[in-house]
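Novice: So the chains spell out like this:
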Amino acid sequence: MNFDFSDDQKFLKGEARKFLEANCPTAAARAVLEDDAQGYDAKLWKAVAAQGWLGAAIPEEHGGLGLGHLELCVIAEELGRAVAPIPFASTVYMLAEAVMLAGTEAQKAELLPGIAAGDIIGCLATSEGPGVTTASNLQATVTDGKLTGVKIPVTDGAIAHVGLVLARENGKPGLFLVDLTDASVTRDTLKTLDPTRDAARLTFANTPVRRLGEAGEGVALVEQVLDRAAILLSFEQCGGADRCLEFAKDYAMERYAFGRVIASYQAIKHKLADMYVKNELARSNAYYGAWALNTNAPEMPIAASAARIAASEAFWYASKENIQTHGGIGFTWEMDCHLFYRRSRQLSLVAGAPRVWKERLVSHLERRNAA
Amino acid sequence: MNFDFSDDQKFLKGEARKFLEANCPTAAARAVLEDDAQGYDAKLWKAVAAQGWLGAAIPEEHGGLGLGHLELCVIAEELGRAVAPIPFASTVYMLAEAVMLAGTEAQKAELLPGIAAGDIIGCLATSEGPGVTTASNLQATVTDGKLTGVKIPVTDGAIAHVGLVLARENGKPGLFLVDLTDASVTRDTLKTLDPTRDAARLTFANTPVRRLGEAGEGVALVEQVLDRAAILLSFEQCGGADRCLEFAKDYAMERYAFGRVIASYQAIKHKLADMYVKNELARSNAYYGAWALNTNAPEMPIAASAARIAASEAFWYASKENIQTHGGIGFTWEMDCHLFYRRSRQLSLVAGAPRVWKERLVSHLERRNAA
Amino acid sequence: MDFNDTPEEAAYRAQVRTWLEANAPKTRAAGSDPEGNDTMPASRAWQATKAAAGYACITWPKEWGGQGGTPIHNVIFGQEEAHYPIPPNPYQIGLGMCVPTVMNFADAATKERFAGPAIRGEEIWCQLFSEPSGGSDVAATRTRAEQAPDGSGDWIINGQKVWTTGAQFSDFGIVIVRTNPDVPKHKGLTMFWIDMKAPGVEVKPIHQMSGGSGFNEVFFTDVRVKDAQRLGGVGDGWKVSLVTLMNERLAVGGATGAGWSQFMEAARNTPGMDGASALQDSALREKLADWYVQAEGLQHTRNRTMTALSRGQTPGPESSIGKIISAVQMQELGNSAIEMLDQYGLISDPELASLSGAFQSSVMFAPGLRIAGGTDEILRNIIAERVLGLPGDIRVDKDVAFKDMPSGR
Amino acid sequence: MDFNDTPEEAAYRAQVRTWLEANAPKTRAAGSDPEGNDTMPASRAWQATKAAAGYACITWPKEWGGQGGTPIHNVIFGQEEAHYPIPPNPYQIGLGMCVPTVMNFADAATKERFAGPAIRGEEIWCQLFSEPSGGSDVAATRTRAEQAPDGSGDWIINGQKVWTTGAQFSDFGIVIVRTNPDVPKHKGLTMFWIDMKAPGVEVKPIHQMSGGSGFNEVFFTDVRVKDAQRLGGVGDGWKVSLVTLMNERLAVGGATGAGWSQFMEAARNTPGMDGASALQDSALREKLADWYVQAEGLQHTRNRTMTALSRGQTPGPESSIGKIISAVQMQELGNSAIEMLDQYGLISDPELASLSGAFQSSVMFAPGLRIAGGTDEILRNIIAERVLGLPGDIRVDKDVAFKDMPSGR
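Protein chains in written order, with my numbering: chain X, 1 to 371; chain P, 372 to 742; chain W, 743 to 1151; chain A, 1152 to 1560.
Warning: the hint list may mix true and false statements.
Residues on chain X that point at chain A, a partial pick, calculated with CB under 10 Å [stated by the list, open to error]:
| # | residue |
| --- | --- |
| 1 | Ala-22 |
| 2 | Leu-245 |
| 3 | Leu-281 |
| 4 | Ile-309 |
| 5 | Leu-339 |
| 6 | Glu-366 |
Label-pair restraints from in silico Cβ distances [unchecked claim]:
| # | chain 1 | residue 1 | chain 2 | residue 2 | range |
| --- | --- | --- | --- | --- | --- |
| 7 | P | Glu-431 | W | Pro-749 | 29 to 35 Å |
| 8 | W | Pro-1059 | X | Lys-18 | 35 to 41 Å |
| 9 | A | Ser-1412 | W | His-825 | 21 to 27 Å |
| 10 | P | Asn-740 | W | His-825 | 20 to 26 Å |
| 11 | X | Lys-172 | A | Ala-1165 | 48 to 54 Å |
| 12 | A | Asp-1373 | W | Pro-1059 | 48 to 54 Å |
| 13 | W | Ala-752 | P | Glu-476 | 23 to 29 Å |
| 14 | W | Ala-787 | X | Asn-23 | 39 to 45 Å |
| 15 | P | Glu-392 | A | Ser-1507 | 50 to 56 Å |
| 16 | P | Glu-625 | A | Gly-1543 | 20 to 26 Å |
| 17 | W | Arg-1128 | A | Ser-1412 | 54 to 60 Å |
| 18 | A | His-1358 | W | Lys-929 | 53 to 59 Å |
| 19 | A | Gln-1298 | X | Glu-246 | 38 to 44 Å |
Hints in this document: simulated from the structure, not taken from any laboratory. For glycine and all other residues, C-beta sits at the position ideal for the given N, C-alpha and C.
Let the hints inform the model, and build the full structure from the sequences given.
Specialist: Right under this line is the structure:
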């Protein structure tokens, strides 16, 4: 039984934490939050690129470090812990993974080195409005290699260079690579619950596109990409949830009420115990996801769903009860509690809401048990 | 604003409590529980009849007291508090209400006096197997006034004289009065989670029946009867839930752990506070149901659904956390905790599970909001 | 059992309706500041109108400018007033908590001085109890008052209060301070009224995570108050504060965010996972049912409370459960709504989001509502102790001199 | 990251498999008594077979009859053994908790006397700690031991223990008793081993609400024990008990009732509200997903624990969360299932109910599982204190003589 990260991977994790403590204190997220003009922390992005993290799972031949996905998992956890205000998920978990999964050799050669170097920011554009965008209500359309339609919201849509856009071609959904700097693309920045991360409405008017993967296979490809992203995001969520528990615990050990630290009251003790239990269940599910991702196991859709559901629940609970543990001060702008609360909402919605994943999980379990 | 019971009704409630404390200690429920041959407490049944409770809402012309349904509500609460092992709900909330709602004058004259006197025990037979029996999967059939089919489980089916049976006639569901003492009826007593209450499988083989209400209107009539029953049952549930809270509180105030009463630990204090909150929400919803029942208001289906949902939740929570508050001793046969736990399951299922009522509630809200 | 007024109540309601029809504002005062600064003139005018007719403090005795009415009269006026586009009411804390304390403990001249302007809305009061290190523990007050060395009998106040609602536009306040740190915490406190414009009083708004700033920090630097401003005896501040606090938790309202019917409406108009409306999703339908049952339960609990008032009884303990349910529901309902909207739920821009972003607002405000006026945990303690009669938490601070108590800083 | 054995583990597993294939029972021992009385001969035989080959107590040193193996060896044996229809194991408490305590504190002759028969399954041990008034508070022990007045040095035990698993077929037990009521509660305790067949020891089964009676009350009336039966010093019983208890919570297993896959199967075969299968109801689907995620989370948490053992590390704190999740899930899943079955869910007759009444059994057993081996509340305290390092609850009983402590009776 070898169901844990290796010593090397743990060393990388420790190094990542040190790097982010130095280069990404919560002030970095706060700076992006408070400045509407800033969609991400460009300096941090360059520094992260210099660390090689953007290309951790990209083969050396394409400019990456050629490590496995387990290394990406430990980096993801530290990014989540640091509420890093950078388009890491959009670029690395979504664009790079999609290109590696379904790109032609030419597409890989064109895009992966730029991603690894930090020169190409990516984004995934599927949603077109309130609720779940499915194959049946998809509106964006590609005709003769030109895309027309609206995508809203697109995380990192205002800062990305390359978009992965789900659109209908000959009536069937396909996934397309789009140069977002093209003049035919209108990008409107959106106000969201988590302004530490960029989001935009993208309007395409006869924008030139290139297909990624097979024609008509867009939905299946998006699902594959989202499975991978969900696992990596679950590590970000675990990192955030664990840090909320630490914050809550540290505050509860310092704060006195009625002559004793509030950590000595069972209401607080049991709240923190519940946080701990949820965080551990999330971590164990995330580890299984990491194993499935790293081995490209057929269990990946089930593992990814479980990881995403558990991690979304853990981060939501930890981030809201961290505020509650702090009491009034936890509700102030100056305290960092809300950075994690906002990020927990962002991470739960960015790759599709937990309820969508619950449905997906049970569908897969039905099929597996029927098989 | 006059949203409470009157002084007279409260006096009746006090008298009912005194009567049941004297005539229905928990030993009465336990005696039925421990004796497989005993389907109910016949002595208590006669005593309750002598109090006039069975006919509280039956008009004087038919042998009842001719009081309103509010009086029935306060009696119901006390019966729930006492975990009374008698077929009160089946006979009074279901059979008597159905006859008063839809019976011909002849049917009323024939049945109501016997119900009021305690000579006729009733039951409602709708379920035919696992899951919800609906108009579409109903199997029992009436042809030429003869019923054939199986009903399982039927609460009080083994001890009742008259059954209200939902069955198909000319393809459409109707509700039928059936003499269960007829030789064509086979009655098999069932083991259930709550042996303080009777339950049976009824098998009909060309059993003579008479229709209650209009042909083809059986489902609508059952729904009307269940609305009324749900409101009255919600008072039984409130009574049971409040008593569980009292038990838990009394025990917590007496039991010492680590040198102090366990009621001084926040884990216990907050558990009991949560019980209290659920019980009060249930009570307030039950009161609104009582108002709707007493005035025959068009809001009855919504009020009944809300009362049943809130009361089912409250009694479940109170009965299970009462055991938990007691610790090991609460899990023993000798303690009364399990009587309430069992009854909470019986009351939540006997008139259809809470999830069915949630669906019913939302359907009605949709219609109301669309109107 | 019915929802009707008694004949006396019906008569009062008719009288109120007539008066309101003649006097209440017909249009809402313009204003965009969520803290209500720009609607202040309208608030003041409406308060003066009510005061002139005896409707400003219905339950107060007539000699104080009230109407000598019952709590049910007050409820009836509130119900009827709510049908008009009335301006925000910045007087609640003052008239509900501060001024009654002054009227209870001050001398005749002081009462005379303050009651009228307060009722007429000419002067606003705030309550200065909470402190940064105190939270729910009001008796942990560290703000100090020491007698001036000049022998004048004046007191010099230094310290800081926090979470003071309305301090930015208040004229006066009541403040609890420590006058003796050498005795156990509850015994060394004293209450004063103070002039919020006095030298050394500084008000700073608190920036909330939800963006607004309805609360303030208030700093005291060598603020001099007369001994005549003292309310109650030296060292009796805790007892005085209990009079003030008795009404506080009633004053913190329930959640006013989007509720079950807004959720139902949004669900109807949102595509579900299978292409049909999200309102067909039974998981969401079950939640809707639960929220409806809670909301109705609270509404009917209020009806039970009103019935008790109407019958001249003291309301039962059932009135204590409102916020504990509604604040958590606000957070869960808001979050379920944004998850129903899927990725789009992140968008908080009121021009784009469903219901002008009401669900996103709920998500961001609910954490504050779960804390203000008593956290979930404090409220459960209150229900357990005051309603159910369970023992208080073990107190380690009862018999220790305040200065010797551990406090973490 | 993988699920493979190390080469050393693979070799051990192969050796175990070979041995089991040759020695393990091929058919399940007949027996209908849920407390396992009628399968006892089979249990005894299998234990003797394992002991002879060194597999009975794998981690014990060889000189005690063990194998000197590692915890991972023990886990591997357990995994492989579970593939065979082995009889119930009544030796767990004795070999897991009691005998190690004896081995730690008794003299050489006593160890010699007991180790062999215990390992070979010839003698069964029980642990006599809990008392009616004690519950989680083992140190509140009231069962008294007083020195015999005859000067023999013997002790006379009077009192009552409760929740004693397996007392009805035990040969020996370890019992904690109060030898000095004049000192604080933790200081006046002493541990003894006793002969369960000695005069004055009476075992009465406890009838559970779920029908079974796996636990017992044990009454002591003037039970005489030799001073040589003492384990540890007079007054050192609390310290000795900690050695015993260290392993207790690991020994109480998780829920073994119907889980998510049984629920899915039942839902598939149950009509829903709209005539389709209940498995199409998204409210039930969401619950299924939640239960699956919890169950998988616990499974993979066990995998993490095993990995730590495999690497020769001490398992992390993650292993403490099992029962707190699984017992509540058992209750909620069981209840959801019976509610899905609607009225039919009431039927508990195994011949009629789905899955032979497994869901109804879950509903009736889960309350006990939420209590046995530490209530939900005690487990949360343990996580908070031992894992997170938060302060213990305030103790009012530390410095009070036991006889002066309030106790409610």
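Novice: All the hints need checking, so say for each whether the structure fits it.
Specialist: Each hint, compared with the structure:
A cut of 10 Å between beta carbons decides the hint on Ala-22/X: the least distance to chain A is about 27 Å, and the hint is violated. Interface hint at Leu-245/X: satisfied, since its Cβ lies 8 Å from the closest Cβ of chain A, which is below the 10 Å cut-off. For the restraint placing Leu-281/X at the interface with chain A, the shortest Cβ-Cβ distance is roughly 3 Å, inside the 10 Å limit, so the hint holds. About 5 Å separates the beta-carbon of Ile-309/X from the nearest beta-carbon of chain A, less than 10 Å, and the hint is met.
A distance limit of 10 Å between C-beta atoms decides the matter here; for Leu-339/X the minimum to chain A is near 23 Å, and the interface restraint is violated. Interface hint status for Glu-366/X: upheld, as the beta-carbon distance to the closest one in chain A is roughly 7 Å, under 10 Å. A hinted range of 29 to 35 Å for the beta carbons of Glu-431/P and Pro-749/W is consistent with their spacing of about 30 Å. Taken as a hint, the range 35 to 41 Å is violated for the pair Pro-1059/W and Lys-18/X, whose Cβ atoms sit roughly 55 Å apart.
Checked against the hint of 21 to 27 Å, the C-beta distance between Ser-1412/A and His-825/W comes to roughly 57 Å, which is inconsistent with it. For the pair Asn-740/P and His-825/W, the beta carbons lie near 22 Å from each other, so the given range of 20 to 26 Å is met. For Lys-172/X paired with Ala-1165/A, a C-beta distance near 53 Å keeps the hint of 48 to 54 Å intact. Between Asp-1373/A and Pro-1059/W the C-beta distance comes to about 52 Å, which sits within the given range of 48 to 54 Å.
The supplied range of 23 to 29 Å is broken by Ala-752/W and Glu-476/P, whose beta-carbon atoms lie about 40 Å from each other. For Ala-787/W and Asn-23/X, the Cβ-Cβ distance of about 56 Å falls outside the hinted range of 39 to 45 Å, so the restraint is violated. The given range of 50 to 56 Å is broken by Glu-392/P and Ser-1507/A, whose C-beta atoms sit roughly 40 Å from each other. Taken as a hint, the range 20 to 26 Å holds for the pair Glu-625/P and Gly-1543/A, whose Cβ atoms sit roughly 24 Å apart.
Distance hint check: the CB atoms of Arg-1128/W and Ser-1412/A are about 47 Å apart, inconsistent with the given range 54 to 60 Å. Between His-1358/A and Lys-929/W the CB atoms are about 55 Å apart, so this pair conforms to the stated range of 53 to 59 Å. Separation of Gln-1298/A from Glu-246/X is about 53 Å and departs from the stated range, judged on CB atoms against 38 to 44 Å.
Hints 1, 5, 8, 9, 13, 14, 15, 17, 19 from the earlier list are contradicted by this structure; the remaining hints agree with it.
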